[in-house]
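Sequences listed follow chains A and B, in order. Residue numbers for the first sequence follow our numbering, so the first one is 207 and each next one is one higher. Residue numbers for the second sequence follow our numbering, so the first one is 207 and each next one is one higher.
Don't read these hints as lab results, they were simulated from the structure. All values reported here derive from a predicted model rather than from experimental measurement. Honestly, I wouldn't trust all of these hints.
Any copy will do: because identical chains look the same in the list, a pair fits if it lies in one copy or spans two.
[Stated by the list, open to error] Below, a list of computed lysine to aspartate or glutamate pairs in the DMTMM-like style, where the Cα atoms sit at most 20 Å apart:
| # | residue 1 | residue 2 |
| --- | --- | --- |
| 1 | Lys284 | Glu247 |
| 2 | Lys233 | Asp267 |
| 3 | Lys283 | Glu254 |
| 4 | Lys233 | Glu218 |
Protein chains: 2
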Amino acid sequence: MYVILVYDLSQERNGAKTQRWVFKICKKYLTHVQFSVFEGELSQSQLEALKAELRPFVRDDLDSIIIFKNQNKNWLKKEYIGQDREDLTSNIF
Amino acid sequence: MYVILVYDLSQERNGAKTQRWVFKICKKYLTHVQFSVFEGELSQSQLEALKAELRPFVRDDLDSIIIFKNQNKNWLKKEYIGQDREDLTSNIF
Chain A
207 MYVILVYDLS
217 QERNGAKTQR
227 WVFKICKKYL
237 THVQFSVFEG
247 ELSQSQLEAL
257 KAELRPFVRD
267 DLDSIIIFKN
277 QNKNWLKKEY
287 IGQDREDLTS
297 NIF
Chain B
207 MYVILVYDLS
217 QERNGAKTQR
227 WVFKICKKYL
237 THVQFSVFEG
247 ELSQSQLEAL
257 KAELRPFVRD
267 DLDSIIIFKN
277 QNKNWLKKEY
287 IGQDREDLTS
297 NIF
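Can you build the whole structure from these sequences, using the hints too?
So, in C-alpha cells, the structure goes:
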C-alpha cells in the first residue's frame with residue numbers, strides 16, 4: 207500500500223527529542239518529501255513495525271501523526287506548487 | 207476527487223503573511239486537519255480555482271505545497287497516532 211505520513215509534534219516537554227526520533231524512524235521506512243511529510247510504499251507488516259517504533263515517542267496529549275493509506279499508488283496523483291523538496295531536507299537532523 | 211494538501215512555507219521575506227494567506231485560502235476549500243495539512247473532496251474546477259488563488263502567494267524559491275489527489279475517497283484510509291486535530295487548530299489565524 208502507498209502511505210503518506212504527516213506529523214505535527216509539540217515543542218513542549220522536550221519536543222526536540224521527539225522530533226529527532228520521529229524523523230529518524232520515519233526516514234527508515236519512507237521518503238522525506240517536506241518538513242513533516244513522508245511517503246512511500248509499505249507492506250502491512252512494515253506499517254505495523256513503523257507504528258510500533260513511533261508509538262513510544264508520541265505524546266497523546268501533545269502530538270499528532272496522521273497516516274493516509276492508499277491501496278494502490280497508481281490511484282494517487284501528486285502536484286507541486288513551488289519547490290519539490292523530496293529528500294532535499296533529509297539532512298535536517 | 208479527494209485531495210490532501212500539505213505545505214511547508216519559509217518564514218523568510220515576510221513569510222508570516224504568506225502563511226496567513228495560504229492558510230485562509232486553503233480553509234475556504236478544505237478541512238484543516240493538522241498544522242500545515244488540509245484535506246477534502248474537490249471537483250477539478252474547484253482544485254484549479256484553489257491553485258489559482260494560492261499561486262500568487264507561493265515563492266518558488268522558498269515555499270513548497272504538495273497536493274495529493276485521489277480519484278476516490280474510499281480508496282484512502284486514515285489512521286492517527288496521538289491526537290486527531292481535525293479543525294481543532296482552525297483558529298490558528
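Structure-based check of each hint:
For the identical chains of this complex, Lys284 and Glu247 are neighbours both inside a copy (15 Å) and across copies (15 Å), given an alpha-carbon limit of 20 Å. Taking the shortest Cα distances, Lys233 and Asp267 never come within 20 Å of each other, neither inside one copy (24 Å) nor across copies (25 Å). In this homomeric assembly, Lys283 and Glu254 come within 20 Å of each other (Cα to Cα) only across copies, at 15 Å, whereas the closest approach inside a single copy is 25 Å. Within a single copy, Lys233 and Glu218 get their C-alpha atoms no closer than 23 Å, and across copies no closer than 27 Å, so neither meets the 20 Å cut-off.
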